[in-house]
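Got chain W; can you put chain P on it based on the hints?
Which chain is which? The protein sequence lines are W and P, in order. For the record, in the first sequence the residue sitting at position 12 is 12 according to the working numbering, with numbers rising by one throughout. For the record, in the second sequence the residue sitting at position 109 is 109 according to the working numbering, with numbers rising by one throughout.
If you are wondering where the hints come from, they were derived from the structure by calculation, not from laboratory data. The model shown is predicted, which means the values in this text are computed figures rather than measured ones.
Mimicking EDC-like on lysine to aspartate or glutamate, the simulated pairs with C-alpha atoms at most 20 Å apart in a straight line are:
1) W:Lys299 x W:Asp346
2) W:Lys349 x P:Glu30
3) W:Lys349 x P:Glu120
4) W:Lys349 x P:Asp110
5) P:Lys27 x P:Asp111
6) W:Lys299 x P:Glu145
7) W:Lys299 x W:Asp323
8) W:Lys76 x W:Asp108
9) W:Lys296 x P:Glu145
10) W:Lys110 x W:Asp164
11) P:Lys27 x P:Glu120
12) W:Lys349 x P:Asp111
13) W:Lys296 x P:Glu149
14) P:Lys39 x P:Glu105
15) P:Lys70 x P:Glu97
16) W:Lys349 x W:Asp398
17) W:Lys198 x W:Asp252
18) W:Lys123 x P:Asp89
19) W:Lys296 x P:Asp122
20) P:Lys155 x P:Asp76
21) W:Lys349 x P:Asp122
22) P:Lys59 x W:Asp122
23) W:Lys299 x P:Asp122
24) W:Lys311 x W:Asp284
25) W:Lys198 x W:Asp136
26) W:Lys311 x W:Glu258
27) W:Lys123 x P:Glu97
28) P:Lys39 x P:Glu140
29) P:Lys59 x W:Asp188
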Amino acid sequence: MIGDLTMKHRTFIVTLALALTQGSAWAQMSHNHASEAACETTELRCASKVTPAFGADGTLWLTWMAGGQVSVASSKDGGRTLSSPAQVTQGKPNLDWGPDARPKIGVDRKGGIAVAFSTFRDKAFNGEVFYSRSTDGGATFAAPRPITDNAESQRFEAVGFDPDGNLFAAWLDKRNRVPLQQAGTKYDGAALFFASSKDGGATYSQAAMAADNTCECCRLGLAFDPSGHPVVAFRNIFDGGTRDHAVVTFADQKTPGEVHRVSVDDWQVAACPHQGPSLSVAADGTYHVVWYTNGKVRKGLFYAQSRDGGKTFSQPMPIGRSDRNPSRPYVMAGPRSTEIVWKEFDGEKTSVSLVTSTDAGRTWSQPRVVAATSDSSDHPLLVSNGRQTYLSWMTKADGYHLQPIEGEP
Amino acid sequence: MKRMTFVAMLLLAGLYATFAAEPSKLKPFERGSWQRLLKAHSGRPTLIHFWGVTCGPCKVELPELGDFMKRNPSVDVVTIDADLVPNSDTAVLSMLEGAGLSAAENWMFDDGFPERLRYEIDTAWQGDIPRTILISRKGEMATIEGSAEPAMLQKWSDAQTIAAR
Numbered sequence: 001m002i003g004d005l006t007m008k009h010r011t012f013i014v015t016l017a018l019a020l021t022q023g024s025a026w027a028q029m030s031h032n033h034a035s036e037a038a039c040e041t042t043e044l045r046c047a048s049k050v051t052p053a054f055g056a057d058g059t060l061w062l063t064w065m066a067g068g069q070v071s072v073a074s075s076k077d078g079g080r081t082l083s084s085p086a087q088v089t090q091g092k093p094n095l096d097w098g099p100d101a102r103p104k105i106g107v108d109r110k111g112g113i114a115v116a117f118s119t120f121r122d123k124a125f126n127g128e129v130f131y132s133r134s135t136d137g138g139a140t141f142a143a144p145r146p147i148t149d150n151a152e153s154q155r156f157e158a159v160g161f162d163p164d165g166n167l168f169a170a171w172l173d174k175r176n177r178v179p180l181q182q183a184g185t186k187y188d189g190a191a192l193f194f195a196s197s198k199d200g201g202a203t204y205s206q207a208a209m210a211a212d213n214t215c216e217c218c219r220l221g222l223a224f225d226p227s228g229h230p231v232v233a234f235r236n237i238f239d240g241g242t243r244d245h246a247v248v249t250f251a252d253q254k255t256p257g258e259v260h261r262v263s264v265d266d267w268q269v270a271a272c273p274h275q276g277p278s279l280s281v282a283a284d285g286t287y288h289v290v291w292y293t294n295g296k297v298r299k300g301l302f303y304a305q306s307r308d309g310g311k312t313f314s315q316p317m318p319i320g321r322s323d324r325n326p327s328r329p330y331v332m333a334g335p336r337s338t339e340i341v342w343k344e345f346d347g348e349k350t351s352v353s354l355v356t357s358t359d360a361g362r363t364w365s366q367p368r369v370v371a372a373t374s375d376s377s378d379h380p381l382l383v384s385n386g387r388q389t390y391l392s393w394m395t396k397a398d399g400y401h402l403q404p405i406e407g408e409p
Numbered sequence: 001m002k003r004m005t006f007v008a009m010l011l012l013a014g015l016y017a018t019f020a021a022e023p024s025k026l027k028p029f030e031r032g033s034w035q036r037l038l039k040a041h042s043g044r045p046t047l048i049h050f051w052g053v054t055c056g057p058c059k060v061e062l063p064e065l066g067d068f069m070k071r072n073p074s075v076d077v078v079t080i081d082a083d084l085v086p087n088s089d090t091a092v093l094s095m096l097e098g099a100g101l102s103a104a105e106n107w108m109f110d111d112g113f114p115e116r117l118r119y120e121i122d123t124a125w126q127g128d129i130p131r132t133i134l135i136s137r138k139g140e141m142a143t144i145e146g147s148a149e150p151a152m153l154q155k156w157s158d159a160q161t162i163a164a165r
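Only chain W is shown next, with the shape it has when bound in the complex:
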């Protein structure tokens, strides 16, 4: 009798325990994490991060992070209607939710689709970069595979197809800390690593290093120069602690060139800015770079250009209203003009501002607000189909935006 009662009581206690545990887990998850997104399922409207790319046939491809998964879908009508999404990840991947992390997508001329994303390996935020591809028009994706077999930490990947259809990938890699830590020495930041794929992302070459001791928590900017050479912009660590920006141009997909400094901002900071640059190379070979700094020399968002293949850069031009917390700049050199977008915040709403240059970045229009939202939002991105540049922006309150902006007065 007592035994029976005890059993019943125990069942009740176990139920209560489960209820409390689940409640607590939910409360922790939702603390400031889940609320970044509008909902918890894998649909586009629930996404916290969305990345676009156009195919050669004008189809818009989107990859996004929602409901803990990476998905892909396409649109033939500028984002108004979407194809049935294909899920790239399965199970419960612990996707990298760093402020500058997002899934990446590239589409080759034959319609092959390459995707890359990163996950956390452990509670110390060590990452792992995975890649996948679709050869059936985005209907299905291959099971994601690690881009390198190194087991340290890889994050902030960037991928793109060069004009010949070769796939290039770069990321921030912490493998070099191992020998230093074993010797009892401190290792600064991460290293810029790269690999390439000649088969559309089915397999990648052995990873190699382009630069050591870079900043470890900021997105990379990747573009191709008119000859098809990869160019990467990144936040570097100069002189042991100055987190200013740099550019490296590759001689080919295997050979990184010299690292050149974009600007001496003198941001000496023992912190992670979580805000990386954006890079676009125009058809005339001009490099356009935008970035954020909080250095001794200058603070805020800046733009500079290089007309000598990334060796020297123009005097940085400030972007945005300093009293509106300008952030997350993005630049795109389109066929007729070059655009820069960024976020501003007025205490209540976030707006996306735009400036345009029709003379390859020598002079710029007055800023104009092109979109706004009253809740949290992804970084504003620009995407071009070769004829028109679009703003691609995911917002929690108003969903996904794709709006044409190039050439507007």
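Coordinates of chain P only, in the frame set by chain W:
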């Protein structure tokens, strides 16, 4: 019955310690919290430290602040978890405890739109941490971006004591 009650209490106590007690120790930092915090500490020298579980330099600085608090009982020490990525209450509390800061006034950002929380504190702040704000008795505010030097903090605290005499 006694035994059952005991089992229940034991289990509940365990659960309480594991889950229920922890979130209650962190104050949710919401819209308006900043002004309320400033008002509550008005007239007292106050050190407000912004940090996060995922921030490397914060791991080094947090125990230094724990030492500072021990040595400077006349300064109100406030911590605000403002990580750019989500932190669990458990991880935050465990780091605070390890640093000797359990007794400080500990907050955590609680808004899916953290820009508006940062904007109330400093319109120019992009969210980089660590970050420390020192407020004197008279309300003069100084912001330190990145890690703060313990010697500098001590100098500031000593100056507050002298000013009070």
